[in-house]
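Asks: The residues making up each chain are set out below.
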Amino acid sequence: MQAGILGTGIYLPEGELTNEELSERFGVPVEELFTLSGIKRRRIAAPEQACSDLAIAASRQALENSHTAPEEIGMVIVATSSGDYPTPATAALVQKGLGIRAAGCFDLKANCAGFVYGLMAGCSMVSNALAPKVLLVGAEVLSRSLNSTDLNSLLLFGDGAGAVVLGPAAEGYGLLASEAGADGSAYDALIVEAGGSRLPSTRQTLEQKLELVRMDGGRIFMFAMRILGDSALRVIRKAGLTVDDIDVFIPHQANRRIIEAAAMRLGLPLERFVVALEDCGNTSAAAIPIALHQALGEGRINPGDRLVMTGFGAGVCWGSVLLRWA
Amino acid sequence: MSAEAKIKQLIVKVSKGMVKEDMITMDADLRKDLGLDSLTMMELLVMIEDAFGISVDIEDAQAASTLRLTLSYLEKYLKP
Numbered sequence: 001m002q003a004g005i006l007g008t009g010i011y012l013p014e015g016e017l018t019n020e021e022l023s024e025r026f027g028v029p030v031e032e033l034f035t036l037s038g039i040k041r042r043r044i045a046a047p048e049q050a051c052s053d054l055a056i057a058a059s060r061q062a063l064e065n066s067h068t069a070p071e072e073i074g075m076v077i078v079a080t081s082s083g084d085y086p087t088p089a090t091a092a093l094v095q096k097g098l099g100i101r102a103a104g105c106f107d108l109k110a111n112c113a114g115f116v117y118g119l120m121a122g123c124s125m126v127s128n129a130l131a132p133k134v135l136l137v138g139a140e141v142l143s144r145s146l147n148s149t150d151l152n153s154l155l156l157f158g159d160g161a162g163a164v165v166l167g168p169a170a171e172g173y174g175l176l177a178s179e180a181g182a183d184g185s186a187y188d189a190l191i192v193e194a195g196g197s198r199l200p201s202t203r204q205t206l207e208q209k210l211e212l213v214r215m216d217g218g219r220i221f222m223f224a225m226r227i228l229g230d231s232a233l234r235v236i237r238k239a240g241l242t243v244d245d246i247d248v249f250i251p252h253q254a255n256r257r258i259i260e261a262a263a264m265r266l267g268l269p270l271e272r273f274v275v276a277l278e279d280c281g282n283t284s285a286a287a288i289p290i291a292l293h294q295a296l297g298e299g300r301i302n303p304g305d306r307l308v309m310t311g312f313g314a315g316v317c318w319g320s321v322l323l324r325w326a
Numbered sequence: 001m002s003a004e005a006k007i008k009q010l011i012v013k014v015s016k017g018m019v020k021e022d023m024i025t026m027d028a029d030l031r032k033d034l035g036l037d038s039l040t041m042m043e044l045l046v047m048i049e050d051a052f053g054i055s056v057d058i059e060d061a062q063a064a065s066t067l068r069l070t071l072s073y074l075e076k077y078l079k080p
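Chains as they are written, first to last, in my numbering: chain A, 1 to 326; chain B, 1 to 80.
Heads up, a few of these hints could be off.
Pairs of lysine to aspartate or glutamate, DMTMM-like flavour, derived with a Cα cap of 20 angstroms [said to hold, decoys possible]:
| no. | chain 1 | residue 1 | chain 2 | residue 2 |
| --- | --- | --- | --- | --- |
| 1 | B | Lys32 | B | Asp50 |
| 2 | B | Lys16 | A | Asp183 |
| 3 | A | Lys40 | B | Asp37 |
| 4 | B | Lys16 | A | Glu31 |
| 5 | B | Lys32 | A | Glu32 |
| 6 | B | Lys16 | A | Glu271 |
| 7 | A | Lys40 | A | Glu278 |
| 8 | B | Lys8 | B | Asp22 |
| 9 | B | Lys13 | A | Glu271 |
| 10 | A | Lys109 | A | Asp183 |
| 11 | B | Lys20 | B | Glu4 |
Between beta-carbon pairs, the in silico distance windows are [what the hints assert, rightly or not]:
| no. | chain 1 | residue 1 | chain 2 | residue 2 | range |
| --- | --- | --- | --- | --- | --- |
| 12 | A | Pro86 | B | Met23 | 31 to 41 angstroms |
| 13 | B | Gly53 | A | Asp216 | 17 to 27 angstroms |
| 14 | B | Leu78 | A | Asp247 | 31 to 41 angstroms |
| 15 | B | Asp37 | A | Glu20 | 19 to 29 angstroms |
| 16 | B | Glu75 | A | Asp247 | 35 to 45 angstroms |
| 17 | B | Leu78 | A | Arg272 | 29 to 39 angstroms |
| 18 | A | Asp245 | B | Lys6 | 23 to 33 angstroms |
No lab work stands behind these hints: they were computed from the structure.
Heads up, the beta-carbon is just placed ideally off N, CA and C, and yes, glycines get one too.
Can you build the whole structure from these sequences, using the hints too?
Replies: Right, here's the structure in full:
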């Protein structure tokens, strides 16, 4: 049985961090900040909001748009690296918040590749009749893990959630191919070092700000530029297709410059790519579903279109899926 | 096509035409004189890797601020 996306929903917090504020704080011109990232503002969750709040709001919209009642959901998957608590899974709070009684739930941590991995897992569950429908949410409150003195990360990362309902698709539609990979030797290129079992939090780790994101921007940018095109090409070949058969590319929204560089490398016009980070920044696992939802709203995706979604990020890990839109 | 000519071509491409080929002298600084920012320098590195079929250490690339220095590290990677 084929499986695909039945409906989408998003939630973007109203709070924001603008380039004007960053310019004033760090003394870098506003134009330069936009040139480096393609981002004008990032959304910031309100103090009383946590990851599950964003996830629940996005999920309600996805359930409504897919005409899905909560009791039809067999599994709730939340892709996140900024869950409400270290334990339990944020998916449990989403299940509770939506009143989804019959579903199992788990969190999926693959950072910016999380949503694509979640699509693979969720579609597999539907295809193998393990769940009639799956609720998959990418949700992040990254703003609380950023170092207030690190412009590189403040410039890029924002909060948000994007949800999809996965269910049966007609033959030849839905998820047609996938590919994934990782290179754990680069685990420290983007890392939150303390607070886990390797280095539990202490007064010293807090003083050294090791519970906050540390990113080697150069290494991550180089990795992202290489992998975006390479992974997309692999999944296209796996499906027995060519680049010309793909109608829309929806890459992880890390930085506009990465997407532009990938388009150049693939020899494709930027117009074939969804670029949707100007107003919300890099929302990690939420980025692709937010971009998908916005592309649908703009009428960029039509029945029969072939889409390639590529996620890549901390780990480093990556994955691509090729879907035919029903 | 020589390596020098190829890299000049790539510099023009990565700058989206802002840099003209006759501006690229052996010792013109790619950032200070030709205006390539840090991200464009990394894009150039990936394009050089693709064009020559090599994988370059980012530290080598970051030290290559001119065409002359770029050709110098390239020679190292292309040595049989």
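Asks: Would you mind marking each hint as holding or not holding in the structure?
Replies: So, going through the hints one by one against the coordinates:
1. B:Lys32 to B:Asp50: With a Cα-Cα distance of about 25 angstroms, the restraint between Lys32 (chain B) and Asp50 (chain B) is violated, given a limit of 20 angstroms.
2. B:Lys16 to A:Asp183: Roughly 32 angstroms between the alpha carbons, so the hint for Lys16 (chain B) and Asp183 (chain A) is violated.
3. A:Lys40 to B:Asp37: At roughly 19 angstroms apart (the allowed maximum being 20 angstroms), Asp37 (chain B) and Lys40 (chain A) satisfy the hint.
4. B:Lys16 to A:Glu31: holds (18 angstroms)
5. B:Lys32 to A:Glu32: holds (16 angstroms)
6. B:Lys16 to A:Glu271: Satisfied, since the Cα-Cα distance of roughly 16 angstroms is no more than 20 angstroms.
7. A:Lys40 to A:Glu278: This hinted pair holds, its Cα atoms lying about 5 angstroms apart.
8. B:Lys8 to B:Asp22: holds (9 angstroms)
9. B:Lys13 to A:Glu271: Since the Cα atoms of Lys13 (chain B) and Glu271 (chain A) sit roughly 18 angstroms apart, the hinted pair holds (cutoff 20 angstroms).
10. A:Lys109 to A:Asp183: With a Cα-Cα distance of about 16 angstroms, the restraint between Lys109 (chain A) and Asp183 (chain A) holds, given a limit of 20 angstroms.
11. B:Lys20 to B:Glu4: With Cα atoms ~15 angstroms apart, Lys20 (chain B) and Glu4 (chain B) stay inside 20 angstroms; holds.
12. A:Pro86 to B:Met23: 31 to 41 angstroms: The hinted range 31 to 41 angstroms is violated for Pro86 (chain A) and Met23 (chain B), with Cβ atoms some 54 angstroms apart.
13. B:Gly53 to A:Asp216: 17 to 27 angstroms: Holds: the Cβ-Cβ distance is about 25 angstroms, inside 17 to 27 angstroms.
14. B:Leu78 to A:Asp247: 31 to 41 angstroms: At 39 angstroms between Cβs, range holds.
15. B:Asp37 to A:Glu20: 19 to 29 angstroms: holds (21 angstroms)
16. B:Glu75 to A:Asp247: 35 to 45 angstroms: At roughly 43 angstroms between Cβ atoms, Asp247 (chain A) and Glu75 (chain B) fall inside 35 to 45 angstroms, so the hint holds.
17. B:Leu78 to A:Arg272: 29 to 39 angstroms: The hinted range 29 to 39 angstroms holds for Leu78 (chain B) and Arg272 (chain A), with Cβ atoms some 34 angstroms apart.
18. A:Asp245 to B:Lys6: 23 to 33 angstroms: Given range 23 to 33 angstroms: holds, Cβ gap about 31 angstroms.
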